[in-house]
Amino acid sequence: MSPAERPLSPHLQIYRPQLTSVLSITHRGTGVALGIGTIFFVWWLSGAAWSGACFSAAQAFWDSWLGKLFLFGWTFSLFYHLLNGVRHLLWDIGIGFDLRSTYRTGWTVVAFSVLLTVFAFGGGLYVWSAL
Amino acid sequence: MERAVTGTGAIRHWCAQRISALALIALMLWLIEAIFAHLGEDRAQIRTWLGQPVPAVVAAALVALAFFHLALGVRVVLEDYVQTPARLAAALAANRIACWALALIALAAIVTLAFGL
Ligand code: HEM
Ligand code: HEM
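Quick mapping for you: the protein sequence lines, in order, are chains A and B. Each residue of the first sequence is one higher than the last, beginning at 6 in the numbering used here. Each residue of the second sequence is one higher than the last, beginning at 41 in the numbering used here.
In case anyone wonders, no lab produced these hints; they're calculated from the structure. Some clues are possibly wrong.
Cβ pair distances, simulated, as ranges [as the list claims (entries may be wrong)]:
id : chain 1 : residue 1 : chain 2 : residue 2 : range
1  : B       : R52       : A       : G127      : 33 to 43 angstroms
2  : B       : V94       : A       : V27       : 22 to 32 angstroms
3  : A       : S29       : B       : R87       : 38 to 48 angstroms
4  : B       : L157      : A       : S29       : 26 to 36 angstroms
5  : A       : T25       : B       : I65       : 38 to 48 angstroms
Cβ atoms here follow ideal geometry from the backbone N, Cα and C, with glycine treated the same way.
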């Protein structure tokens, strides 16, 4: 009964990364990243409700480099998870499940997530610095 | 190994994940708009904004659904990766507690802001 002797599927070490598998794991990664982001959102909201000092600490964090890097990751995660989530929901009602469509919609999600992230984050930074 | 999501529970879990996702599409678009509209505002301005009924109610719906969707999603992730039953049980409990706690703190904050307490 040694589990090591049974074949495992898929063999991740010898599996060539494909668009489909990479996009799938990215949906999971961005979902978890958004989950971590909620903790920061709750921090900020708590500061707004109960403590000026806590709110200032949260604002200072967004102002820092680390905070900006974090916001960038959150922005990408949001757009990717949102767009790919719509792709998931369309699959669930039977749309776009053939291989050709899967690749086409997959690349569309990648392109739009990158574009929207650059526009939203760049635009946000611009508005922020112009304040 | 014991799986927590099986039988009819799995169907309910599947539907709940998708229904919350559908609602979150609209709510996250609202959040993006709100972030842009309130970029750089100070605490007093944020308090005024969330002191209005409509933003407060939408924010509360967003918080409730996001943590619901997150709890369901992380549960599936844990079931895929945590190997031993005892650790899985502990991880699932931690997930539930963390999502409930964060959701309740956020909702309490929104109620505080909405009623200007
Ligand atoms: C989800 C996370 C958080 C929640 C729910 C939260 C909540 C609170 C609350 C309720 C207070 C008011 C305490 C009081 O007035 O007695 C407070 C104060 C404060 N918080 Fe937070 N906080 C969080 C995270 C953070 C983080 C990560 C930092 C700093 C990096 C921070 C910095 C502060 C500071 C500096 C104060 C003021 C303390 C003082 O008045 O002496 N908070 N927080
Ligand atoms: C913006 C609207 C959103 C849509 C359309 C959406 C859609 C989806 C869908 C369809 C799934 C199921 C994927 C599957 O069956 O493998 C899913 C999973 C997940 N979502 Fe979302 N979601 C959204 C927002 C969020 C938010 C705000 C969070 C975090 C707070 C989040 C966290 C997760 C997690 C952790 C999973 C589990 C990932 C996995 O099992 O691999 N989602 N989402």
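C-beta pair L157 of chain B, S29 of chain A: status relative to the range 26 to 36 angstroms that was hinted: Since L157 of chain B and S29 of chain A have Cβ atoms about 45 angstroms apart, the given range 26 to 36 angstroms is violated.
Within 38 to 48 angstroms or not, the Cβ separation of T25 of chain A and I65 of chain B? 23 angstroms, violated
22 to 32 angstroms was suggested as the range; check whether the CB atoms of V94 of chain B and V27 of chain A agree with it. At 40 angstroms between Cβs, range violated.
Given the range 38 to 48 angstroms, decide if the beta-carbon distance of S29 of chain A to R87 of chain B lies inside it. For R87 of chain B against S29 of chain A, whose Cβ atoms are near 42 angstroms apart, the range 38 to 48 angstroms holds.
Check the following: the C-beta atoms of R52 of chain B and G127 of chain A are separated by a distance inside 33 to 43 angstroms. This hint holds: roughly 42 angstroms between Cβ atoms.
Going through the hint list in order, the structure does not satisfy hints 2, 4, 5.
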